[in-house]
Amino acid sequence: MNKDRYSNPYLIGALLGVVLLASFYTMGRGLGASSPIARITAVSLDTVASDHTRGNAYLKRYFRPDRAVLNDWLVFLVLGAALGGLFSAFMANRIKGEIGRGPSITAVPRLLLAFGGGAFSGFAARLARGCTSGQALTGASELALGAWIFMLCIFAGAYATAYFFRKEWL
Amino acid sequence: MGPLYKFGFFGHFSSLMVALVLGFWFGFLLERAGLGNPKKLTNMFYFKDFTVLKVMFTTIVVAMLGLLYFSLFGWIDFSKVYILPTFIWPHIVGGLLLGIGFIMGGYCPTTSIVATVSGKLDGLVFIFGMMFGVFAFAETFTSITGFYNSGAMGVVRLPQILHLPSGVIAFLVCLIAIGAFWAGEKAEKKFQDFEPEGAPTKRFKVTGAIILVILGLVLMIANPDKAMTKDQEKVAPVEKVVIEAPKTTETPAAVEKVPEVIIGDDEGC
Numbered sequence: 257m258n259k260d261r262y263s264n265p266y267l268i269g270a271l272l273g274v275v276l277l278a279s280f281y282t283m284g285r286g287l288g289a290s291s292p293i294a295r296i297t298a299v300s301l302d303t304v305a306s307d308h309t310r311g312n313a314y315l316k317r318y319f320r321p322d323r324a325v326l327n328d329w330l331v332f333l334v335l336g337a338a339l340g341g342l343f344s345a346f347m348a349n350r351i352k353g354e355i356g357r358g359p360s361i362t363a364v365p366r367l368l369l370a371f372g373g374g375a376f377s378g379f380a381a382r383l384a385r386g387c388t389s390g391q392a393l394t395g396a397s398e399l400a401l402g403a404w405i406f407m408l409c410i411f412a413g414a415y416a417t418a419y420f421f422r423k424e425w426l
Numbered sequence: 577m578g579p580l581y582k583f584g585f586f587g588h589f590s591s592l593m594v595a596l597v598l599g600f601w602f603g604f605l606l607e608r609a610g611l612g613n614p615k616k617l618t619n620m621f622y623f624k625d626f627t628v629l630k631v632m633f634t635t636i637v638v639a640m641l642g643l644l645y646f647s648l649f650g651w652i653d654f655s656k657v658y659i660l661p662t663f664i665w666p667h668i669v670g671g672l673l674l675g676i677g678f679i680m681g682g683y684c685p686t687t688s689i690v691a692t693v694s695g696k697l698d699g700l701v702f703i704f705g706m707m708f709g710v711f712a713f714a715e716t717f718t719s720i721t722g723f724y725n726s727g728a729m730g731v732v733r734l735p736q737i738l739h740l741p742s743g744v745i746a747f748l749v750c751l752i753a754i755g756a757f758w759a760g761e762k763a764e765k766k767f768q769d770f771e772p773e774g775a776p777t778k779r780f781k782v783t784g785a786i787i788l789v790i791l792g793l794v795l796m797i798a799n800p801d802k803a804m805t806k807d808q809e810k811v812a813p814v815e816k817v818v819i820e821a822p823k824t825t826e827t828p829a830a831v832e833k834v835p836e837v838i839i840g841d842d843e844g845c
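Sequence order for the protein chains is A and B.
Under the numbering used here, think of the first position of the first sequence as 257, with each following residue one higher.
Under the numbering used here, think of the first position of the second sequence as 577, with each following residue one higher.
Calculated directly from the structure, the hints in this document are not laboratory data.
The beta-carbon is built from N, C-alpha and C at its ideal position, and this holds for glycine as well.
Check the hints yourself; a few may be wrong.
Simulated DEER-style distance windows between Cβ atoms [what the hints assert, rightly or not]: (1) B:Ala775 - A:Leu426: 16 to 26 Å; (2) A:Arg317 - B:Ser590: 18 to 28 Å; (3) A:Val274 - B:Val794: 49 to 59 Å; (4) A:Glu354 - B:Phe770: 13 to 23 Å; (5) B:Phe586 - A:Arg317: 46 to 56 Å; (6) B:Glu771 - A:Asp322: 48 to 58 Å; (7) B:Glu773 - A:Lys316: 42 to 52 Å; (8) A:Lys259 - B:Trp651: 30 to 40 Å; (9) B:Asp769 - A:Lys352: 19 to 29 Å; (10) B:Phe586 - A:Thr362: 30 to 40 Å; (11) B:Ile797 - A:Val364: 56 to 66 Å; (12) A:Ser360 - B:Trp758: 47 to 57 Å; (13) A:Ala416 - B:Phe586: 36 to 46 Å.
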């Protein structure tokens, strides 16, 4: 196996399955990445408008008297994921300051679309109570109904609109 | 017997260390598969590269088989593994929106983090976008609370809906996965205009498919549901006490508390 090239996707998937299973076995819960973003958002907003943030009908759930907002299992999971991703990219000489995009789009439109796509994802993950990791991967392997429906809808949404974003990627 | 944390084998601080270790491998593996690269991620929606499908579906199948075999062997108490309750309408709309966000932004939440640490500026911008999305959601939450809680079905698994044992569903999922992999590879052959990295040999693929079919078949015959219901029977008396308790004194308060625990978002994504 050449360490500078991407690995066999099936092998990676199987190892990720083992990581997910290890999470079930040790913690009794799956993986996730969207609520840490929500927690970081809550902490950031708290520094600018504390009363407004802590009084918000949704964000108030993150403020507990006994525990800091970022003192959370998934926050540490995402921290670990950032370290692991960094380690892998470093080992494979893939750390490079760049903007990921297709050949027919310039930098600024691409960044605007990245922001827009992020906004959609951030909103959607809160609405659906999870993202591709916490809902789709975790829930689907537990054979949860909602997770399978959610995952099919992700692919449906992306395939249905891919045509309109072809200039961004192709 | 697992889940270790729920049986009190370790506390909160150790659980955070477990999160760091699991997260490390999670991020490491995503990066190794190339899922920190938005072109590779979105190429799936133009039928050029099905890495996303291959990684996701293999992960699901392996974790699913592992969970069911662990229950069968009595290594894990499945009733103590957190399952996110189904809210059918928010799941459908949320899924569609996340799909649009995926193709528009080039990432899903986890992959944007992996992209950012490998130096991709658009990954970082995507994360800022997500934060804005969370802000927008929080600001509009009071007007969409009704929709957020619509279609509540509680914790529902496919075996209950399809009236089939988990083992049979698991076998079907294995077959669907193999079918999806086959179709994905077929599409790649037709549309892929570059040399793929890390493509497995034919022998690897055939061996993998045979292993999946065998593991699925064994599960179908062994029926892990028997072991799982045994776990639930053990838990049942405790649940009964909880239900009966409110009758004696304060009914409304106790009833209100129950759904709050379930929808608490504490263990979900």
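Violations among the numbered hints, reported as their numbers in ascending order: Hint check: 3, 5, 10, 12 fail, others pass.
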